[in-house]
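J.: Required output: the full structure, derived from the provided sequences and hints.
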Amino acid sequence: MLKMGLAALLILLVALTGVYLFNKSPAKVQEGSARGWVDVVENDQQANASLRRLRSLPYVSYVEDEQNPEKNGVALYNDSLAFPGVNLYSSLWGDTGHLLDMHGNVLHEWKFSPIVRPRDERLFAFKPGVSFLNVGRSGHLFRLQNGDLLKSNWEESNTIWHQEGTYHHEICFDETGQIYTLNKEFHELNHRSLSVPFQDNNLVIFSNKGELQKKISIGRLVQPQIPTEYLDAIWRLEPGSELAQKHRRKCGLENLYDILHVNTVQILENDTFVGKKGDLLICVRNINLICTIDPDRERIVWMWENGQRNLDRPHYPTLLANGNILIFDNGWFRGHSRVIEFNPQSKKIVWEYDGSPGNPFFTKRCGMAQRLPNDNILITETAKGRVFEVTREGELVWDFYNPDKDREHPDLRASIYRHLRLTTTDLLEIDLPPDTRQKLSSLGYQ
Numbered sequence: 250m251l252k253m254g255l256a257a258l259l260i261l262l263v264a265l266t267g268v269y270l271f272n273k274s275p276a277k278v279q280e281g282s283a284r285g286w287v288d289v290v291e292n293d294q295q296a297n298a299s300l301r302r303l304r305s306l307p308y309v310s311y312v313e314d315e316q317n318p319e320k321n322g323v324a325l326y327n328d329s330l331a332f333p334g335v336n337l338y339s340s341l342w343g344d345t346g347h348l349l350d351m352h353g354n355v356l357h358e359w360k361f362s363p364i365v366r367p368r369d370e371r372l373f374a375f376k377p378g379v380s381f382l383n384v385g386r387s388g389h390l391f392r393l394q395n396g397d398l399l400k401s402n403w404e405e406s407n408t409i410w411h412q413e414g415t416y417h418h419e420i421c422f423d424e425t426g427q428i429y430t431l432n433k434e435f436h437e438l439n440h441r442s443l444s445v446p447f448q449d450n451n452l453v454i455f456s457n458k459g460e461l462q463k464k465i466s467i468g469r470l471v472q473p474q475i476p477t478e479y480l481d482a483i484w485r486l487e488p489g490s491e492l493a494q495k496h497r498r499k500c501g502l503e504n505l506y507d508i509l510h511v512n513t514v515q516i517l518e519n520d521t522f523v524g525k526k527g528d529l530l531i532c533v534r535n536i537n538l539i540c541t542i543d544p545d546r547e548r549i550v551w552m553w554e555n556g557q558r559n560l561d562r563p564h565y566p567t568l569l570a571n572g573n574i575l576i577f578d579n580g581w582f583r584g585h586s587r588v589i590e591f592n593p594q595s596k597k598i599v600w601e602y603d604g605s606p607g608n609p610f611f612t613k614r615c616g617m618a619q620r621l622p623n624d625n626i627l628i629t630e631t632a633k634g635r636v637f638e639v640t641r642e643g644e645l646v647w648d649f650y651n652p653d654k655d656r657e658h659p660d661l662r663a664s665i666y667r668h669l670r671l672t673t674t675d676l677l678e679i680d681l682p683p684d685t686r687q688k689l690s691s692l693g694y695q
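Numbering-wise, the working numbering puts 633 at position 384 of the sequence shown, and it's gapless, one number per residue.
Hints in this document: simulated from the structure, not taken from any laboratory.
In this text, all values refer to a predicted model and were calculated from it rather than measured experimentally.
Heads up, a few of these hints could be off.
The calculated lysine-lysine pairs, modelled on PhoX-like cross-linking and capped at a C-alpha distance of 25 Å, are [said to hold, decoys possible]: (1) Lys613 x Lys376; (2) Lys597 x Lys526; (3) Lys654 x Lys613; (4) Lys458 x Lys526; (5) Lys597 x Lys654; (6) Lys376 x Lys360; (7) Lys320 x Lys526.
Distance windows between CB atoms, simulated [unchecked claim]: (8) Pro682 x Leu325: 24 to 34 Å; (9) Pro622 x Asp344: 47 to 57 Å; (10) Glu460 x Leu325: 37 to 47 Å; (11) Arg558 x Lys525: 19 to 29 Å; (12) Leu461 x Leu517: 21 to 31 Å; (13) Thr477 x Tyr326: 43 to 53 Å; (14) Arg498 x Arg548: 15 to 25 Å; (15) Leu692 x Thr477: 53 to 63 Å; (16) Asp344 x Asp481: 40 to 50 Å.
Just so you know, even glycine gets a beta-carbon here, dropped at the ideal spot from N, CA and C.
T.: Given below as structure tokens:
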């Protein structure tokens, strides 16, 4: 009798668990569509409840530099080997943009007022400060700030137009002056005959006047590459639960719904092996996917098929003049970062830099590797608030530590999402204010 009672109790518990899991899952969809696409219905209370659960963890603004707390600004400059240029960056979620010469002297600065949103009205947890700066061909300054995209003039940073939203990670420009960026939006995916919510990323294109030209769902294009494990976890696990946190840590996710995390867009300037002129090279971090999409046909035209086995939460793939692709490979699970050059035709890694005993580097999140015209690599080590330049042979020739420290905790250094080195060619294409142009001319930038 006792055995029969325990067996009956076990059957009842399993049945109740199944009912609970099904009841907490999104609405059932048409049979036979094991993996299709569903757009969110805004008035659906269940979908809105899922939206409220969606919260991205903002990147840490200040980090402790245990190895080099005493270093500030340019700590090393080998002017015979480093590539000359000017440096553009802002502290992550800071209020100031900086333009520096190679010695770390300020050529120009911009101050930005905070953009504040009530937290309970936003789907994604950004911060009031700036995450990324870039300069357009017209000399205007573009920035991402608390999820918004803004265009301003160079001298006073007065806003020309302001697009509110959930924009993140990227600002780049095509030859006509259009602006390409990314935003976050909640969509649902049909999985095991259920409608599963997830955090999608859209490619968004604006005209130079700030008019929306196009929006393309990246999730729709890459959905066959999304691991089943990610989708199973969304409908089986309660957000914030211990099991959900364990899954998030195991898979390297910011939250349960952040299964894509697109972080890079590069516009191809010429026809190449990986795509034609105007196609877009993108990085989908959380599935370790580097691929090229055709924005006109809205389809993938090339992907690194074995990239998911070789990469570990990568950032910033860029197509080089030789047809290879430079990638910052974070090493989330590996524990150390590296920069690799990948040949898409031979499907081989042809060059790699993973630091040296005297210059190790690691950033779990963000990071960037910029190929400079002399073949040096400029590396942004976000988690240390550090930027350094190495030769092809791995020699350190420029080393910069963000001097921005936390006012209350001076041992904490502000992190940097991306640090750009602008070349003489870049500067000639930008319509700079006379005083800035004069400063640059005095430094040899004509």
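J.: Okay, which hints does this one fail, numbers in order?
T.: Result: hints 5, 7, 9 and 14 break, sorted rising.
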